[in-house]
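Peer 1: From first to last, the protein sequence lines are chains A and B.
Under our numbering, think of the first position of the first sequence as 179, with each following residue one higher.
Under our numbering, think of the first position of the second sequence as 179, with each following residue one higher.
Careful: at least some of the hints might be erroneous.
Said to hold, decoys possible - Chain B is nowhere near these chain A residues, computed Cβ spacing over 12 Å in every case:
1. A219
2. R234
3. Y313
Said to hold, decoys possible - Below, simulated DSBU-like cross-link-like pairs (lysine-lysine); rule was C-alpha separation at most 35 Å, straight line:
4. A:K244 with B:K223
5. B:K244 with A:K307
6. A:K307 with B:K307
7. A:K307 with B:K304
8. A:K304 with B:K244
9. B:K244 with B:K307
10. B:K307 with B:K259
11. B:K307 with A:K304
12. A:K259 with A:K307
13. A:K211 with A:K223
14. B:K223 with A:K307
15. B:K259 with B:K244
16. B:K211 with A:K307
The set of hints was computed from the structure by calculation and includes no laboratory data.
Backbone N, C-alpha and C define an ideal beta-carbon position, used for all residues, glycine too.
2 protein chains.
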Amino acid sequence: MSQSTEQDIAQDFLEQVRWTSDGLVPAIAQDTKTNDILMFAWMNKQSLALTVEEQRAVYWSRSRQKLWRKGEESGHVQLIKEIRIDCDEDVIILKVEQLGGIACHTGRHSCFYRRLENNVWQTVEKVIKDPSDIYSK
Amino acid sequence: MSQSTEQDIAQDFLEQVRWTSDGLVPAIAQDTKTNDILMFAWMNKQSLALTVEEQRAVYWSRSRQKLWRKGEESGHVQLIKEIRIDCDEDVIILKVEQLGGIACHTGRHSCFYRRLENNVWQTVEKVIKDPSDIYSK
């Protein structure tokens, strides 16, 4: 197989994704052991390519308009165990090993720590580590 | 408590959601027993209110621009067991009992039935029921 053909195959999976008009795709990070949903973020083509290449979650920060290697400040890197795509090819799941057990910037395991109870969003997950200890480096 | 105050409280959780400029919020449906991610869809304020009221998943179909009571054609209704929101208040999880065990229009348990293997999206989940048998009523 020629080098260019190999490269074409290597990039095909990126072309199959149905990117939004902004060039993004929603990504759900899921704990590979518990199946807990950890967080939700966005990826662009480069961030998905880098995620596959580096085997760690790399997102696209819409607020900062730059690549976001999850854990670059906190150390809470997400190691890739599996990547899935849905039937419409417009949503990605990253099954990850969450280093430190903390995905949320609030110091909790998951960003989804509030549950609707009697029409009120109630916090039901504890803070594992104080954010000021996570980001004070 | 006056009736209007009760109504205010009842609607507050809807106001707390950070809706997109289109008035939508992403919603992830997750199997309450296995924690498998079943599908991803969008909700508007009315669909979230109806989801809470009827205790079944009601989405907003962006392609059809109308409310979509999941299972209205297929019978694959999603009964609500828990609703969560993330730290940014802009993503919802519906933990559901998936009637029929099928969430995907392809007749599979989950819409996320393709896994990236050597840079190719490979189908790794079986069809439980032929779609022509699901939608031929």
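Peer 1: Which of the numbered hints above does this structure break?
Peer 2: Violated: hints 1, 5, 6, 7, 8 and 11.
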